[in-house]
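Protein sequences appear in the order of chains E and C.
Quick note on our numbering: the first sequence kicks off at 1 and runs consecutively.
Quick note on our numbering: the second sequence kicks off at 448 and runs consecutively.
Take the hints with a grain of salt, since some may be wrong.
[To be verified] Using 25 Å as the maximum straight-line C-alpha spacing, the simulated PhoX-like pairs for lysine-lysine come out as follows:
#1 E/K367 <-> C/K614
#2 C/K845 <-> C/K507
#3 C/K507 <-> C/K490
#4 E/K437 <-> C/K814
[Said to hold, decoys possible] Partner residues aside, some chain C positions facing chain E, computed with beta carbon under 7 Å:
#5 G533
#6 L554
#7 P572
#8 V575
#9 A609
#10 S770
#11 V772
#12 N801
If you are wondering where the hints come from, they were derived from the structure by calculation, not from laboratory data.
The C-beta atom is built at its ideal place from N, Cα and C for all residues, glycine as well.
Okay, here's what each chain looks like letter by letter:
There are 2 protein chains.
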Amino acid sequence: MSEVLELNCRNAMADVVGEEHGISEAELADLQEKADEAHQHLKARRDAGELPFFHLPYEKELAEEILRFASDMRGSFSNYVHVGIGGSSLGPKAVHRALLHPFHNELPDDERSGPRIYYLENPDPDTVAGLLDFLDVSRTLFNIVTKSGSTAETAAIFLVVADALQKALGPKWKQNLVFTTDPEQGDLRALAREEHILTFSIDPGVGGRFSVLTPVGLLPAAVAGIDIRAMLNGAADMDRRCQSADLRDNPAYQFAALHYLANQRHGKTQAVMMPYADSLYDLADWFRQLWAESLGKARDLDGREVHVGQTPIKALGAVDQHSQVQLYIEGPNDKLITFLRVEQFRREVKIAPNFGGYRSYGYLGGKRLNQLLNVEQQATAEALAAHQRPNLTLHFPKVTPGTLGQFFFMLEVATAFSGGLYHIDPFDQPGVEHGKKLTYRMMGRDE
Amino acid sequence: MSEVLELNCRNAMADVVGEEHGISEAELADLQEKADEAHQHLKARRDAGELPFFHLPYEKELAEEILRFASDMRGSFSNYVHVGIGGSSLGPKAVHRALLHPFHNELPDDERSGPRIYYLENPDPDTVAGLLDFLDVSRTLFNIVTKSGSTAETAAIFLVVADALQKALGPKWKQNLVFTTDPEQGDLRALAREEHILTFSIDPGVGGRFSVLTPVGLLPAAVAGIDIRAMLNGAADMDRRCQSADLRDNPAYQFAALHYLANQRHGKTQAVMMPYADSLYDLADWFRQLWAESLGKARDLDGREVHVGQTPIKALGAVDQHSQVQLYIEGPNDKLITFLRVEQFRREVKIAPNFGGYRSYGYLGGKRLNQLLNVEQQATAEALAAHQRPNLTLHFPKVTPGTLGQFFFMLEVATAFSGGLYHIDPFDQPGVEHGKKLTYRMMGRDE
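Using the sequences and the hints, build the whole thing.
Have a look at this one:
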């Protein structure tokens, strides 16, 4: 494990930002007993096979199967369209954005690492029609991703896509489809059986927001030429670092404990994730679902009304220094900010020493963009700390499949463990049922 | 004015969501006196010419000048690159995303409404090098947008771009540049004079976050073939609707008052903007800067420490039903949510009636994606209201230059007026100075 994520907590601690807003060593020590219980409970459930997301880093055979599929697919198709929403799209999107060329689809064919890649998430007519306008569907593989098989948005887009394929390809329409769904249950599984459509399975015990290391995330990554073995190895590396119950030693537990104490003792109702790298912006979106849907709950495990849940917020450095940092520095002190910082970008860009007579340009000449971006991250973290605003920095040595695997696994463990601290179920989402039922009723589906 | 934005406040009111979380008529009536004062103050400053953003909708000659420039440019260049950050990019990006084809850059040349469009906002080496990798810079116009002329991120990218142009074009490098900056001050203006580079001016009295109707937003819109006259007319239409001090009559004041009361009386520390249309997502990002930077302040006008500021949050419907709505429904009741709803999309997409024997698909056949998306918006608004979560819906009859102009102007007036309610200065941003100074120091610039 040569490239290791490191969490720097210094600016979240009371000795830097003060007792009112920072976490003290005493608070962490006080929490250790509760942490030990949460750890034992999580470990027992893991050992009983009740939390299969823990085992995903070790599914080596599945990875090989996906790689074989991807290799075939890459020879046969020019475009890959991922049809899914929420947990079925946030993980794969984050992986693609992190690891592909930032203008992947616009590169010439021989400079691209795989097919052009598109997402259809929202049943937005302008987007769906807009893509089908110019896409050569005969050269396109559509992956329909829904664990239940019944997600309304995905079902609707699937019907539109299947119709376009039938019109373009006639009886061969099924060759351009793959389904990623439950291994046994649901209408998409049944349809796959009836129509003999190729499928990949999502373990029924793994919720959408924990599914990035299942075929939901691995297949689209492999299709784009990403080393999914390295991603799984990164997750396994992080698993090894997360064995201890010690809040100082286990990075996932440390992240969870600091957020829990910031929320419960210091009024930090908002958790901002702010990468200083365009490539990592969608990791913040992935985290946003994981944190909100897992920890935003009305009732605790004993049925008491608690209405807990930090609001996770995505921001982008340095861009949001010109949008949100004024509020973060001067507004209510109700946020815990986590920076994602990249030590070594893929590219080095030198700033040409030109117009050196101008004060606004002279100091930049001869430096690198890399340096400017990282200096801005450090300056923002220090300015926040100087205003008693707690913040963490998660250091990525590089953005690689391995460090992404570490990141996903660390945050998933942190979330599951946080469920224990808050005494809530981090794996359900009862609050969305009401809206679903209303939608079905208004769309004329029997409930 | 055939297409008029309408704000529906029903689900934010106490008679729907209850006294604890909703705004009562009595609270609005109590606020009217303060509103009258804020209105008089704003009107006096407007009449004294101190708030030039109010006059932007009426700058017809400037629009004609920009249209002439855009017409020339569209004949000469295949690509337009917008170099700017914060208030220099959020407005134009929102306009492009709202009105252009969702896959604009990937359309064949003869189906595109103008040049391919790119943004360089962040000094991210992977993004900047990634774009310059494949872009034919000789066929590209670069617009460098910074009012001060000294914004570090924009200055650094400008130096990289100028170097690439000099290498590709030799002495003709300046023909592919335009600067948008202060009419008199700053290093970019001085350089433009020295090098005879074409410029457009930003009124020094208009801050970045209020600048979308200056050349900052109008030029890139016109370059893409967008009807900027209609956008200005839309803003002027909204100006006419915002003349009254009556909180029930003036949509900008109503929006501001509901947010103010929700924040100050009902603990709504977060303001979510959630468009149900992919095309409007970047409006939420534009709003995010406007609201955060204008209203997030440590001190009031009398110098008292207040630390006010709602956190503006962007969300996207229906996508975030699968990510954030669990938290919005069950978590802390600390949010006021504003939906943006589009009554008529540009496209209609019928859902083919296929696989009708399956319960998950049968009910969708024969319906339209348009209907599904809007039904989901309504279902989410109603589910939130049923859980005492206040929400507003801003109805866009269509997404057009005119409705966008209305939107921008309404929210700018709402923000300026909110400054009066909170008794703070909505036009400064003192909190970002500390980080800027640290950055300059670490990059070796004299302060």
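Status of the hints after comparison with the structure:
no.: 1; hint: E/K367 <-> C/K614; result: holds, 19 Å
no.: 2; hint: C/K845 <-> C/K507; result: holds, 24 Å
no.: 3; hint: C/K507 <-> C/K490; result: holds, 22 Å
no.: 4; hint: E/K437 <-> C/K814; result: holds, 18 Å
no.: 5; hint: G533; result: holds, 2 Å
no.: 6; hint: L554; result: holds, 6 Å
no.: 7; hint: P572; result: holds, 4 Å
no.: 8; hint: V575; result: holds, 5 Å
no.: 9; hint: A609; result: holds, 6 Å
no.: 10; hint: S770; result: holds, 4 Å
no.: 11; hint: V772; result: holds, 6 Å
no.: 12; hint: N801; result: holds, 6 Å
Violated hints for the displayed structure: none, as all numbered hints are satisfied.
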